[in-house]
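Take the two lone chains and join them into the complex the hints point to.
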Amino acid sequence: MEENTNLAVPVPQLRCMNMEKRKKVIAFFGELGFHFNIGAFDDRLIAQKLVCLLELKGIHLGYPCSLYVRGPYSPDLTLDLYAFTREFETLQTSSRLNPAEKEAAGELGRIFGLKPVLLEVGATYGYYAIRQECDPLEALRQVKRLKPFYSEAQIALGISKAKEFLFQPSKKDRENLKKETGIWQRASLQSLEH
Amino acid sequence: MPNDILSILNEAGGLNAKVFSLVRLKLLASLAALGPDGATYRELKAALDINDGVLFANLNVLKEMGYLVSGKITSEGKELELYTITPEGQDEWKRTRTWLCRFLNCGA
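Sequences listed follow chains A and B, in order.
Numbering of the first sequence is given in the numbering used here, commencing with residue 134 and proceeding in unit increments.
Numbering of the second sequence is given in the numbering used here, commencing with residue 58 and proceeding in unit increments.
It is worth saying that the hints were derived from the structure and are not from the lab.
Backbone N, C-alpha and C define an ideal beta-carbon position, used for all residues, glycine too.
Not one of these hints is a red herring.
Here are the simulated distance ranges between beta carbons:
#, chain 1, residue 1, chain 2, residue 2, range
1, A, Ser199, B, Phe113, 25 to 31 Å
2, A, His193, B, Gly134, 33 to 39 Å
3, B, Gly110, A, Asp209, 32 to 38 Å
Chain B with its partners taken away, still in its complex shape (with noise of 0.2 Å):
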C-alpha cells in the first residue's frame, strides 16, 4: 500500500470535495455514530453549536447529495426534525475518515 504523502494526496480524488467544510464534517460525524436512530434538529443545533442559518443550509446540502434523510416525528408532544444518515452518507464518512486518518499520520 502506498505510504508516500503524494499518493496519499492523489487518493483524495475520489472522495467528495464538497462534504471537506469543517460544518459538513461535524454534521456527517455525528450522524454516523448514531446510525438509524438518528438526532433531532434542536440537538444538533445545542450540541455542535451551530447557528440556525449555517445549520440549516449545511443539512440541506448534504441531503441534496443524498447522504441524509429527514422526517418529522413526535415526542412528548411536540413535533420535530429528526435528520438520519443513508447507507450512502455512512459509506462517503468511512472513505473520508480513512482518508484523512492516512493523511494525517502521514503527515505527523
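With the rest of the complex left out, here is chain A (with noise of 0.2 Å):
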C-alpha cells in the first residue's frame, strides 16, 4: 500500500501553530500582570474579554470571538484554558511580546485595569460597533439587551473604556471636536482676561 505523506506533515504544524497562539495569550496575561486561576468565574471571564479585547483591537490571537450567551466569546480558548490549566496558570511561555503588542496590553491595562464588568460591557460594546458594524446607538441598545443585569453607570463606564481602547480619532474627529469646543475655549481664555 502507497504511504500518504501528505497526511504526516499537517499534524504537527498545527499542534505547533497551536501551542504558539496558546503561549503568546499567556505573554499577554503576563505583561498585563493577570494571574489566572480557572477555578475562579471572574478570572475566566476576564481571560475571554482580555482576549476579545485583544482582537478586536486587531491584534491576532488565533481565538477569534463570536457572540454565544455569554458575549463575544472563544469556545476555541475556553478548551486550551482547560486543556493546559498549569500553562496558564503559572504563565510558562517562551514568546515575547513586539513593542506593538507590549503597547497594547499596557494601554488595555491602564484602561480596564482586570475588571470583569468593565471588561465584559467593553468587549461587547466593541463586538457590536465593529464586527457588526452596528452605530454606536444601536451598539448601546444590543449591550443594554445582553447585560441587563448591569447598571447604568457600569454599562457607561464600559462603553466609554471601550471607546478610549478600540477607536482613535481620525483628524477629522479631532478637527469636528476642536471646532465644537473651541467657543468655549475661548469663553474661558477671555473670561480669564478680565
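As C-alpha cells, this is what we get:
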C-alpha cells in the first residue's frame, strides 16, 4: 500500500501553531500582570474578554470571538484554558511580545484594570460596533439587551473604556471636536483676561 | 448509509424525545458551545429572552435528566447560579444535532 506522506506533515504544524497562539496569550497575561486561576469564574471571564478586546484591536491571537449567551466568546480559548491550565496559571511561555503588542497590553491594563464588568461591557460593545458594524446607539442597545443585569453607570463606564481602547480619533474627528469645543475654550480664555 | 426519509425518521427512536422543546434545544445548544465554562442563570435569561418560570422549570428538567449541573459561583462579590453541560448532555446534544441536520437536509 502506498504511503500518504501528505497526511504526516500538517499534524505537527497544526500542533505547533496551536501552541504558539497559546504561548502568545500567556505572554499577554504576563505583561498585564494577570494571574489566572481556572477555578475562579471571574478569571475565566477576564481571560475571555481580554483576548476578545485584543482581537478587536487588530491583534491576531488565533482565538476569534463570536456571539454566545455570554457575549463575545471564544470556545477554542476555553478548550485551551482547560487543557493547558498549568501553563496559563503559571504563565509558562517562551513567547515575547513585540513593541506594538506591549503597547496594546499596557493600554488595555491601564484603561480596564482587569475589572470583569468593565471588560465584559467593553468587549460586548466593541464586538457590536466593530464586528457587526452597528452604529453607536444600536451597539449600546444591544449591550443593554444582552447585559441587563449591569447598572446604567457600569454600562456607560464600560463603553467609554471600550471607546478609549478601540477607537483612535481620526484627523476629522479631532477637527470636529476642536470646532465643537473651540467656542468654550475661547470664552474661558476671555474670562481669564478680565 | 440510508438517506430516505423513512429511515431518517426511524433513526429518531434513539433520541431522547424530552429534549425536543424549543427552550430545551436553545439551552443545550447554548451551553454545549461553552463546555466546562458554563453560563449563569442571568446570562441565559437575558440572551435567550426566556421568562423566569419557563427558564427555571426547563433547566431543572435538563438537570434531572443528567444533562446539566448547577452550582454557586461568586462574581464581583455577588453569588450567582452557574449552569454547565455534562458529558451526557454533550453526547445527547451531538446526537440530536446530527439527526436534525440529516432530517433537514433530507427534507430540503
